[in-house]
Each structure stands twice: as structure tokens, then as C-alpha cells.
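Chemist: Below are the chains, spelled out letter by letter.
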Amino acid sequence: MNSSIKDISKQIKYNKYSILLPTYNEVENLPIIIWLIIKYMDESNLQYEIIVIDDGSPDGTFAMAIQLQNLYGKDKIVLRPRTKKMGLGTAYIHGIKYSTGSFIVIMDADLSHHPKFIPRMIKKQKLYDYDIVTGTRYCGKGGVYGWDFRRKLISRGANFITQIMLRPGVTDLTGSFRLYKKNVLEELIKSSVSKGYVFQMEIIVRARQLYYTIGEVPISFVDRVYGESKLGSSEIIQFIKGLLYLFATI
Amino acid sequence: MRMTKLMEWILVGLLVLSSWIAVLIGKPNYANLNWYYKWFPVIFIFLFAVYAVITVLYRVFTFNNCKAAAIELQNQIKEARADLESKGISFKKQL
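These protein sequence lines map, in sequence, to chains Y and R. All the letters of the first sequence, read from the start, carry residue numbers 0 to 249 under numbering that gives the first Met the number 0. All the letters of the second sequence, read from the start, carry residue numbers 0 to 94 under numbering that gives the first Met the number 0.
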């Protein structure tokens, strides 16, 4: 057992991880998230790059990214801005195109996803050679902070219905904190058509359909520290439409 | 061809429904059938609804509240800002 763990940590050293950070008005959060990523990746001796894809934020996110690149270096912080907001799926495609790693980590830049979970995901991936490792709020030590009763009820209710209808074999479908083998993510993006967070759902359900292996790591989700997170009726309608679309096509 | 989830649901639904109808028709005297034969779909849906409500509420109330994670993050934000400022990063807003 001991020797196998050593082998695994040796292998991890040879892999490079590209962390994609799509941003829009994250001038407050970006320096913190990058600082945390660097802290935890360096502590675990991992090879990585952070690809910032800023969609023309008016709040100066890009200028902040340049400051951070000057501090940490062009090999660590890669800037691939776009001129306007164009959606998450295309941001990932854009980021992947410039990535030099063999693995892609996708996470939100708003501090709701803590970088301390990335090394755990990497370890889990190596241990079982998973194609995807996804963060889950719904099992083990996973959870949320900053949600009221209504928000928890909607989240749990939507998750229950999704589990019954799609039987995806994954506990958290709408979460967007995940580690992918690069070629697997490329393939999945190509076959997915949804937008927004339904896109995350479609990717993971398609992954199951294509017999990719998926591992889970419990994560604590701390709702937006700066800025506000929204869950209105348009999000709920979007979710129902997405669920019905997947129900009928997958 | 692979079945979609919708097709799986329709298939299983039709199987259950036709079995139920077969039981109703197969019995010689309908009047003597136990009530739960006649009301099977209603009972089934009712029990499932009870199960769903209990499960979802249980999960809402046992949803981990990650207070420690939030506190850890708040402290790390301060630590990160102090470190970054000492390295020459200028922040837009002051804390």
C-alpha cells in the first residue's frame, strides 16, 4: 500500500494541470483565488498553470490579472481574454485550446470553490485513474454555507427529481468544480449543447452515457463572498427545461 | 439503439399499468376485489409522494452547514490580501 502511494505521487509529478478560470467582474476575487490556488498547488508539489479567461469585465478584472501575471510569471498565469461575454462552454473551449496540461480543472472564480480541494481531486483521480473527478456538496463532508431554507429546499428538491429521472450515478450534477482528462472534456463539450449550469449537468450525464469513469470528492461550497449569487424563477425554469431536454435525449 | 430515459420510463410505466389492468380484468367478480387492487395507482403515487417529501426534507435539515469553511476562507482572504499587497499588488477597494 505504502509503495503504491509513492508510485502515485511520483506519477502526479509528471502530469500538468491546467486550471481554467472564466471571469466576469471578479476584480476582488481573482487575486484571492489565484493566491489560494498557488498556495495549495505548490504545497502539493504539483505542476500547473492558471488560465484566466476574462470576458471583457468592465470592473478591471483584466488589469488585475496582468498585475498577478507580473508577480507570478507567464508560465503560471496565462491570460486569454475575450472581448465580450460569450458563455461558459465557449470559455472552456477557448481555455482548453491554449492549455498545455494533460488535465483540466474547472472551477468558479468567485471563491465559492476552495482550491484546497484540487489536490484531493488529483489524488483521487490518480488512485482510480478516473476520467473525471467531480466535487460534490451532497455527500460525505460536503455541504454549503450561506444558503437559507428556501435555497436548500430548491437545491435538494431539484437534485432528488434529477436523481429519479436520470439516474446519473453522480450525487452533484449542477456543481461546476471538476477535474477532467483533457481529451475527455474536449469530447464532452463537443457533444453538449446546453448553456449555463445545465451545461454542467449535461456534461456529466453525457459522460456516464459514454461510459467514462467518474469519482467524487466532497466539497464545501461557500456562497459568494463578494457580489451576489442569484436563484430566481428564470434559473428554475432554465433548470426544468434542461432536465426535460436531457430526459428526452439521453 | 440506446433507449433514452424517457423511453425507459414509458416502457416501465406501460408494463406496470398493463399488469394492473390484467389483474382487474382477470378476476371473475370485480365487486369482490380488495380496495387496494382498484386503487393501486393512487396508492402508489401517494406513497411515493410521502417518500419524496420525507427524503427531501430530511436532506434539507441534514445539509451540512460549512461554517468552519466560511471562517477559514474569511481568514485566508485577509492573509492573501496582506501578502499580495506586500508584494506590490494594488487592490481597487480597501478593506
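Simulated from the structure, these hints should not be mistaken for lab results. Just so you know, these numbers come straight off a predicted model, no measurement behind them. There may be inaccurate statements among the hints.
Straight-line C-alpha distance at most 30 Å; calculated DSS-like pairs for lysine-lysine [as the list claims (entries may be wrong)]: (1) Lys75(Y) x Lys38(Y); (2) Lys83(Y) x Lys122(Y); (3) Lys91(R) x Lys75(Y); (4) Lys240(Y) x Lys77(R); (5) Lys37(R) x Lys115(Y); (6) Lys38(Y) x Lys4(R); (7) Lys66(R) x Lys73(Y); (8) Lys115(Y) x Lys4(R); (9) Lys96(Y) x Lys181(Y); (10) Lys37(R) x Lys83(Y); (11) Lys84(Y) x Lys123(Y); (12) Lys66(R) x Lys140(Y).
Pair ranges (Cβ atoms, derived) [as the list claims (entries may be wrong)]: (13) Gly86(Y) x Glu78(R): 56 to 64 Å; (14) Val11(R) x Ile239(Y): 46 to 54 Å; (15) Ile153(Y) x Trp19(R): 57 to 65 Å; (16) Leu13(R) x Leu152(Y): 51 to 59 Å.
Here are some, though not all, of the chain R residues that point toward chain Y, as calculated from beta-carbon distances under 8 Å [claimed, not checked]: (17) Met2; (18) Lys4; (19) Asn64; (20) Asp82; (21) Ser85; (22) Lys91.
For every residue, glycine included, the Cβ atom is placed at its ideal position computed from N, Cα and C.
Chemist: Each hint should be assessed against the structure and marked as holding or not.
Modeler: Hints versus structure:
A distance of roughly 12 Å separates the Cα atoms of Lys75(Y) and Lys38(Y); the hinted pair therefore holds under the 30 Å criterion. For the given pair, Lys83(Y) sits about 36 Å from Lys122(Y) by alpha-carbon distance, which is inconsistent with the 30 Å threshold. Between the alpha carbons of Lys91(R) and Lys75(Y) the distance comes to roughly 23 Å, so the proposed pair stays at or under 30 Å and holds. Between Lys240(Y) and Lys77(R), the direct Cα distance comes to roughly 41 Å. Violation of the 30 Å bound is thereby established for this hinted pair.
Taking the CA atoms of Lys37(R) and Lys115(Y), the gap is about 57 Å. The hint is violated against a cut of 30 Å. As the CA atoms of Lys38(Y) and Lys4(R) are separated by approximately 43 Å, the hinted pair breaks the 30 Å bound. Annotation: proposed proximity of Lys66(R) to Lys73(Y) is violated, straight-line Cα distance about 36 Å (limit 30 Å). Of the pairs offered as hints, the one joining Lys115(Y) and Lys4(R) is violated, with about 36 Å between alpha carbons and a cut-off of 30 Å exceeded.
Among the hinted pairs, Lys96(Y) with Lys181(Y) is consistent with the structure: their alpha-carbon atoms are about 10 Å apart, no more than 30 Å. Between Lys37(R) and Lys83(Y) the CA atoms are separated by roughly 61 Å; this puts the pair beyond 30 Å, and the hint is violated. A C-alpha spacing of about 34 Å is found between Lys84(Y) and Lys123(Y), which places the hinted pair above 30 Å, so the restraint is violated. The hinted pair formed by Lys66(R) and Lys140(Y) meets the criterion: a straight-line CA distance of about 12 Å does not exceed 30 Å.
About 34 Å separates the C-beta atoms of Gly86(Y) and Glu78(R), a value inconsistent with the hinted range of 56 to 64 Å. For Val11(R) paired with Ile239(Y), a C-beta distance near 22 Å fails the hint of 46 to 54 Å. With their beta carbons about 34 Å apart, Ile153(Y) and Trp19(R) fall outside the hinted range of 57 to 65 Å. The supplied range of 51 to 59 Å is broken by Leu13(R) and Leu152(Y), whose beta-carbon atoms lie about 33 Å from each other.
About 10 Å separates the beta-carbon of Met2(R) from the nearest beta-carbon of chain Y, more than 8 Å, and the hint is not met. The criterion of a C-beta within 8 Å of any C-beta in chain Y is met by Lys4(R), whose closest approach is roughly 5 Å, and the hint holds. Among the interface hints, the one on Asn64(R) holds; its C-beta lies about 6 Å from the nearest C-beta in chain Y, closer than the 8 Å criterion. For Asp82(R), the shortest C-beta to C-beta distance to chain Y is roughly 7 Å, which falls under 8 Å, so the interface hint holds.
For Ser85(R), the suggested interface contact is broken, since its CB lies about 11 Å from the closest CB of chain Y, more than 8 Å. Interface restraint check for Lys91(R): the shortest CB-CB distance to chain Y comes to about 6 Å, inside 8 Å, so the restraint holds.
The structure fails to meet hints 2, 4, 5, 6, 7, 8, 10, 11, 13, 14, 15, 16, 17 and 21 from the earlier list, while all remaining hints are met.
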